[in-house]
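As they're listed, the protein sequences go chains A and B. Numbering of the first sequence is given in UniProt numbering, commencing with residue 1 and proceeding in unit increments. Numbering of the second sequence is given in UniProt numbering, commencing with residue 1 and proceeding in unit increments.
Mixed in with the good hints, there may be bad ones.
Cut-off 20 angstroms, straight-line C-alpha distance, at most; resulting in silico cross-link-like pairs (EDC-like, lysine to aspartate or glutamate) [said to hold, decoys possible]: (1) A/151 <-> A/125; (2) B/971 <-> A/125; (3) A/151 <-> B/911; (4) A/56 <-> B/947.
Going by beta-carbon spacing under 8 angstroms, a handful of chain A positions derived as facing chain B [stated by the list, open to error]: (5) 8; (6) 43; (7) 58; (8) 61; (9) 65; (10) 68; (11) 69; (12) 71; (13) 74; (14) 78.
Please keep in mind that the hints were generated in silico from the structure rather than gathered at the bench. Quick caveat: nothing in here was measured; it's all calculated off a predicted structure. The beta-carbon is built from N, C-alpha and C at its ideal position, and this holds for glycine as well.
Below, each chain spelled out in residue letters.
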Amino acid sequence: MMAIRELKVCLLGDTGVGKSSIVCRFVQDHFDHNISPTIGASFMTKTVPCGNELHKFLIWDTAGQERFHSLAPMYYRGSAAAVIVYDITKQDSFNTLKKWVKELKEHGPENIVMAIAGNKCDLSDIREVPMKDAKEYAESIGAVVVETSAKCAINIEELFQGISRQIPPLDPHENGNNGAIRLGKQTPQASRRCC
Amino acid sequence: MPGDSEAGAGQVGPDEAWGLSSSLTPPDTMCTPEETSLLQVEETFLALLGRINTLVFQPLLLAEEPSNVKDQECLRLLLQLSEQYQHLWDLTQVSLRTLRQRLNSPATIGLHTLHLLHSSDLFLDAYRQYFVIYTSCVAVQTFQKATRKKSEFWRSQRKALKQFLTNVTLETSGAAGLPHVLCQPLTDHVQQYVLILLRLGDAVGEHHSARELAIQAADRFVTLQSFIRRALDEASATQALWEMLGSRLGDALCTADRRLLLDSQEVPAVASPVRADRVLLFNDVLVLLQGHSFQTFDLKLVWVDGRHNKKQMSNRYGFHVITPEEEFSLSAKDAQGKACWLSKVSQAICQALRGKRDIPVLEQDQDQEGAEPPASRCCLYTFRTEDRLRLATYDGSWFWGKPHGKGTLKWPDGRNHVGDFHQGLEHGFGIHLVPHGAEDKYNCYKCHWREGQMQGYGICEYANESVYKGYFRDNMRQGFGVLESSPQAPQPFKFIGHWDRDKKDGYGVLEDKDRGERYIGMWQADHRHGQGIVVTQSGICYQRTFHVDKMVGPGILLLEDDSLYEGSFTRDLAYTGKGKITFPNGYFLKASFSTGVGKGFHTQGVLETTAHPLDPMHTCKRQLGLEAFPVESRWQGIYQQFREFIHSNCPEDAQEAFLGFHVQTAKELRKSQEYLFCDRSNPDEVSAKIKDVLAELPTHQDPESLQLYLQKALKSSAHPLGKLVKLLTLAFQATYSGFGANKHLLGLAQEEVKHHAQEIWAFYQGLLRVALERQGQIQEEREDTSESHPEAYRLVLPIILPCFYPELFMLYMLYHEKEDNLYSQGIADLSLFPDTKLLECLDVQRHLWPLKDLTLTTNQRYSLVRDKCFLSATECLQKIITTVDPREKLEMLEKTYVEIENTVSRVLEREHKLPMDDLLPLLIYVVSRARIQHLGAEIHLIRDMMDPIHRGGLYDFLLTALESCYEHIQKEDMRLHRLAGVHNQKALW
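Could you put the whole structure together from the sequences, leaning on the hints where they help?
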């Protein structure tokens, strides 16, 4: 039997860039064995095979509005991966993305896997962010990067496969403290008693 | 007494006259000649009794006041004898009267009316009583003593006495005939009764109704004859023995009721290993004579064992004698001797146990001759030599020479034990009183005992009115226990914690009500020793190292204004030596402190005023004791009892000792409640008797039934699981209620609750394992022995949480007090906003506003309506405070989200999945409208107590979203205020 690894994934990005659309597409487009509990489009799960493991993505959406930025740490703490989404037709959203990356580097969980999604690639005729910029930036921070289209279902699968590949395989002799959560057994977590 | 006898003598006259006159009447033809002869016999006997009374009893009783004890005893016996004599006399008169009535009118008055026939038992009893006393008189030579003083008088009476005796030649001594005079006429009369009754029986014929009566009466008198013969033999043998033993030994052993039954000079027997020249068996004691000394053994406390399996028995004709303090064997010469001794001793024991010493052997007892005396007996005994029990008196059940069963043991020094005994030792439940000093005060132990030692749960009320409730081992407080002083004590205190060899040792909590302090920490030999936390009534809290009650080294002092002192300080909180104060604003002072003479304290140091970002974990959120007191070892003493119980395979007899109270089986319970007017218990209540528990456990293994069972078991204080919860609750309250409600202890408390859930689950599994093993199912060892059991969170925690909830939630409230205050302000401000205004402020997209839900009256505008939007979600969220179960709270939360989505879907008239961009503002709206108090405390309690399996999952997400709303409301506060002021005054007001 394949081990199921629960992976918390946090969605970051400006409002309107299509964070939840990407996830909706990812979760709903394909047949899923587990009928997953969801809260609207804000919390979704999907299980995909990866090597000899099953990765169960627990995908946490966040509010993209500027005023809620300060609440983001509550959402991304304990995440194994973050999907940061920008709109290729909006340079501003790419700037926000950089801020997120910076914040994650400083305050995010250690070894968090970052994936950059340039959404709305179907609208490349009004593109503001060149593909090259994104690729270079992603390389500089060691992140997965793809241009996606939630609308046309382009590269959605690949985005999460990219994340799966970046998750270090579980060493059975060690509770890897990479934010992954094994079913039924918790990783020893620093006791948390602050808000 | 002489008056009495005179009255008796006076009675004779008229009766005799009446008797004479009627005797002249010829007997009725219906009467048998036997009846006539009986009449004559009775008449003669009555006359004889009268003459004996006049000639013998009256002079005998005319003695002067007895001068010494012996004479008193002598007179007492004579008076008793005379009394019985009168009784016999009265009976004979009644017999005579009934005879005459019958003879006068035989046609109407039947044979069965004869007193002698229908009340033969009365006659039997009267004669027996008379001879019991008579033989006592013979045994102790009462007649000789009584006549010795007036020998002259009795010599002169010689002739007169002689007339009563038929075939006895009187010796020269005047009084020698006296005993015979008081005996022979009566025995002769009994003989006549027998003869006449037998003839009567024959005469009336087989079908006569009175025949049975006559034969029965004859039988009884025959029995009586043999009894009298035996009693006389025993009495004379006893009398002979007393004479032979001489005055010293004889007087020491001689009592009126004592009869010799067997003598080793007659049937040889040798005692060993005790030395004895002679062994005497009396009807009440067994005596070993050795020279001029002797040992007596009360037969009621003598057990004999004639079985041959005793290897140490040197002689095969021996048998074992067991008494409370001596054990020896008696050896006869041959098998016959052994049988004789064994049966006589056994029989004597049986009789002694029957207790009526004044009614010795009757013929009917011989049926029981072969019967073994019971092994289990009940009587009183005072120990003479045994060390522990020297001079102590035991009254209660015995078994083979040892106190065994229920009893009371009293020592001469006032100690007193009432309770169960086993093999001579206190065992089972007992109440033990120990007098305290000269006062009329006692230490009272109500406790379980095991082989003479206090063991298991007990309560001790000390003379100084403090009370200990807890566990004992080997007579000492050991394990977990609570010691509380009386409230009136000069320094009232309450200690709850661990004990070792009667002293406080290990983890424990002491509340000093006088100082208003609570010490939570380690103890050794009754002293604070090791790490300790002190919390005070005023909210100050510090952690220090203690050494034999003294504080040593630097410590951490947390003041109620959230400033922190690190360094050394005294018990009265005066700073000494080098230390560092960190103020709540982030300034700190490094200085050395000293107490000045009468003027506060002096200090010299550096005040750092550069604003440092202050880590709340360092000051206001600081948690004490987490490293010092690992949660696994904190309440070991409580768990220990339960673990031992499991490890010893749940012995039924130990259950009471370990739970501290008697538990009934379900059957007993039902029975005892049949008589109750109102049935207090749920009919399907869980039974607490371990046998029932173990039988029931395996039937509740599927999750649903297990949950129901655990719910009942954990709430029933009689069930072992419930008892564990009760003890843990007690310890928890003692630590965290009252002074202990200090935010710096939250960490300890929440850790403890979670750990308790684990331990209770482990205990349940232990019970289940034992239960399955008893049913013959071997449960395979669980591979996963790690400490975290998801079941503990899923099943146990929700059930036990209510027990800890008040104290725990208080700690959460204190811990989150500041945030909750900010949040409350935010809520208060937001509540001034009309719905539409608030939705606008939160940037909720307009198409999501549920304006349809607002029904307006004519003079209302949307902008004025409050608390109408998302009402269903708001109400749903408010319900989270109605339960303590974190899982239920989370379910409510989930429903709230669903309600929000439903409302939105209704507004949009299609199903709509809300992304977080839309959901969060709406949620903030709902949270601000729900106005839940202490939301911060709620959120964190849920998060800490939540089943870890949900981490990262839906519930975690929901809770995080709620928490982010809570945070946001705290921050948003000022801005909204400003907005309200500038923008929309008109709409607001």
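Interface hint compliance - residue 58 of chain A to chain B, C-beta minimum distance less than 8 angstroms: holds, 5 angstroms
Residue hint residue 69 of chain A, partner chain B, criterion CB-CB below 8 angstroms: violated, 11 angstroms
Supplied contact hint for residue 78 of chain A, tested at 8 angstroms Cβ to chain B: holds, 6 angstroms
Straight-line alpha-carbon gap residue 151 of chain A to residue 911 of chain B, limit 20 angstroms: It holds: about 19 angstroms lies between the C-alpha atoms, which stays within 20 angstroms.
Interface hint for residue 71 of chain A, Cβ within 8 angstroms of any Cβ on chain B: holds, 4 angstroms
Residue 971 of chain B paired with residue 125 of chain A [C-alpha distance capped at 20 angstroms]: The given pair, whose Cα atoms are some 41 angstroms apart, is violated under the 20 angstroms limit.
Distance restraint between residue 56 of chain A and residue 947 of chain B, which requires alpha-carbon spacing of 20 angstroms or less: holds, 19 angstroms
Hint consistency between residue 151 of chain A and residue 125 of chain A [alpha-carbon to alpha-carbon, up to 20 angstroms]: OK: residue 151 of chain A and residue 125 of chain A at ~15 angstroms, within 20 angstroms.
Agreement of hint residue 43 of chain A with chain B interface, Cβ distance less than 8 angstroms: holds, 4 angstroms
Hint validity - residue 74 of chain A Cβ closer than 8 angstroms to any chain B Cβ: Holds. Min distance 5 angstroms.
Residue hint residue 68 of chain A, partner chain B, criterion CB-CB below 8 angstroms: holds, 6 angstroms
Interface hint status, residue 61 of chain A versus chain B (Cβ within 8 angstroms): The hint holds - residue 61 of chain A has a Cβ within 8 angstroms of chain B, the shortest such distance being about 4 angstroms.
When held up to the earlier numbered hints, the structure conflicts with 2 and 11 and fits the remainder.
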